[in-house]
Amino acid sequence: MSEHPASSAMPSGPFDPAGIVWSRVSPRLATARLLSAGIALAVVVVVAGVLLVVVDHWWPWVLVALVVIDAVWTAVVVPRQVRAIGYAERDDDLLIRKGILFRTLVVVPYGRMQYVDVQAGPLARRMRIAQIQLHTASASTDATIDGLEPAEAERLRDRLASRGEARLAGL
Amino acid sequence: MSDADDATLEWRRVHPVTPLVRGWTVIAVLLVVVGQRTLDGLPAGQNLLEGDRWWQILLGILAVGLVGLGFSALAWRMTTYAIDDETVHLRSGVLFRQQRRARLDRLQAVDVVQPLLARFFGLAELRLEVAGGADSGVKLGFLKESEAASLRAELLARAAGLKNAARGAAGVADAEQVEPGDASPVGTDTADRRVATDLGVAVEAPEQPVTQVLPGRLIGSLVLSGATVGLVLGVLAIAGVIIGTRQVGVLFSALPAVLGFGGFLFQRFASSYGFRSAISPDGIRLRHGLLETRSQTIPPGRVQAVRLRQSPFWRRAGWWRVDVNVAGYGLSSGAESTSVLLPVGTRDEALAALWLVLPDLGVPDARAVLDEALSGAGEGAHFVTSPRRVRVLDPLAWRRNGFVVSPRALLLRSGRLYRTLVVVPHERTQSLGLEQGPLQRRLRVATFAVHSTPGPVTPKAAHLDDAVVADLLATQAARAHDARAHAGPELWMRRDEVPRGVPVVEDAT
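Here the protein sequences line up with chains S and Z, keeping their order. Start counting the first sequence at 1; every next residue gets the next number (full-length UniProt numbering). Start counting the second sequence at 1; every next residue gets the next number (full-length UniProt numbering).
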């Protein structure tokens, strides 16, 4: 697996356009994602425990082993994934970069924006992070930034909305 | 909008026969259900129609039919529509009232649809597509054929910006003038909004026929298709099994699959039958349909992306199919048959269909570029293709993957078996994307995507060299921005002045 940490040590390739300074999202997003993954895994562990008591056989241990492997994998990958998320505001468009193994980069022109969503679930609110999503007329535009500070999410929302209005074009 | 404003509108009803045309499906379903029960027999094994129970059933059907008809009639009474200079209003719903306003400057397409039964009554339904997500269009139906045609002409004239009330709603429209239209000799408006009632004022823009698909070729194209191959293989397999096992029972279990393929083929045939395309100042006009006929108008600049595609079975005949993305069509039902610009045609006809959307590629030798796009492979005079090292990743099509940038549009070529060319006008680019998996990363290539509105076409160029794709991403973003700034107005006839809905984009770069 030839993955690099998202530190900007290697500013090369198509995913690092020249002259772009990436803004990072809050590391609390990693905590939030780990927490929700932990809750899901805990449920599986409880089920496995009950099974162990009830059936008195070795096979529920397989479940436990899988949970442990998954937990280790999640703990290793999620913080890196969160560090790999980056966004940058240019004059005419917003750039969003994601992923380590499967990398994606989206360029959304402000004039193409139809509306902006800001979301925060109960866990996210407790962690003081919010998610912002840009919608264009295309369904394949996946322009979501998760793990923003609430203030930053609000600032970004207002800024995107005003820029979108200034550059509004038809379809 | 206030009630006072509503009062100035002339609210009209659709044709009174509408409930009958809409309600017959309920009766038909009922008849099918009863018919099936009668044929199959009841679980107890007795026939429903035996004895004196038949009249009970008849009464039941009648009662349900009457209730359905009554409800449809009520729905008809509650459905009214009105048109002013910028908006189409529709009120509907019996229990849950719905009011819908569709802005004409956001009009993406106008269809006149005639289901079989409506054709008997000489009725038609007008469908307006606005790009607002699933089920966002406005359906006005049913209307008399002549009424539907004149209403369509009227709506298109207004959407084109040919017609304006002299007294603008918010005092903005004062400066606007009725352009001496080269297409529609529109009568001068009387200065009030009641002009909405004067149907037939707008004359339909004249049109020039472009392509016609004859039934012979349509049948040929369907015979030479994957579905037919599947059908033939299925029938052969069933025949083989029956001969081998000497049991006819297999026939019944395999029947649904055969019917599925057959149904698909018939659906294709019925929807593409009598296909004709034409060009008019109001945009592209398409007519097609065997049982349910549909006449579409797609105003200029509304096509978001075009795809020319040739299946391996069509290569010998040199046929192509042309599909388009139009915002609004992609999410409505029946997108399969509405998003077709040409169901089957020769290379010249396919290029003519492309020309309908994009009259000028902006390159001197357009024909050479397009020939290379349709049947070329490898690094040619125009196309930039995938590097040789990706042949492990994409052994078949790597020589076809490629793109060329013209001043007006981006051309993306792909597919070895299914030859495909996708054309996206620069000003129709929604957003751009880049993807790279672990293998692509090792080979230093990435996949470039242009995001378009929902529809059959997904513009993509796979496995381009890292440096090439980085350059393409940067320059394409700039090109799309420039093209948007210089694109024509939404109100397509109003070329000379600055349209209200589309502010001039100040160049911030």
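Rather than coming from a laboratory, the hints here were simulated on the basis of the structure. These numbers come from a predicted model, not from an experiment. Note that CB positions come from ideal geometry on N, CA and C, so glycine has one too. Where hints are given, some of them may not hold.
[As the list claims (entries may be wrong)] Facing chain S, from chain Z, some residues (calculated, C-beta under 10 angstroms):
1) Q98
2) E147
3) L432
[Claimed, not checked] From the derived model, a few chain Z residues whose C-beta atoms are all more than 10 angstroms from chain S:
4) L20
5) T25
6) G35
[What the hints assert, rightly or not] Covered, in the sense of this in silico footprint (three residues per stretch, anywhere, with C-beta under 8 angstroms from a C-beta of chain S), are these stretches of chain Z:
7) 434-443
8) 478-486
Tested hints:
1. Hint status for Z:Q98: violated, given a least beta-carbon distance of 22 angstroms to chain S, over 10 angstroms.
2. The closest approach between the C-beta of Z:E147 and any C-beta of chain S is roughly 29 angstroms, which is over the 10 angstroms cut-off, so the hint fails.
3. Taking 10 angstroms as the C-beta cut-off, the interface hint given for Z:L432 holds, the closest approach to chain S being about 4 angstroms.
4. The non-interface label for Z:L20 is consistent with chain S: the shortest C-beta to C-beta separation is roughly 37 angstroms, beyond 10 angstroms.
5. Separation of Z:T25 from chain S is adequate, the least Cβ-Cβ distance of about 30 angstroms exceeding the 10 angstroms criterion.
6. The beta carbon of Z:G35 sits about 41 angstroms from the closest Cβ of chain S, which is more than 10 angstroms, so the claim that it is off the interface holds.
7. Interface restraint, the segment 434-443 of chain Z with chain S: holds (7 residues with C-beta to C-beta distance below 8 angstroms; minimum three).
8. Check on the segment 478-486 of chain Z: 3 of its residues sit with their Cβ under 8 angstroms from a Cβ of chain S, so the three-residue criterion for coverage holds.
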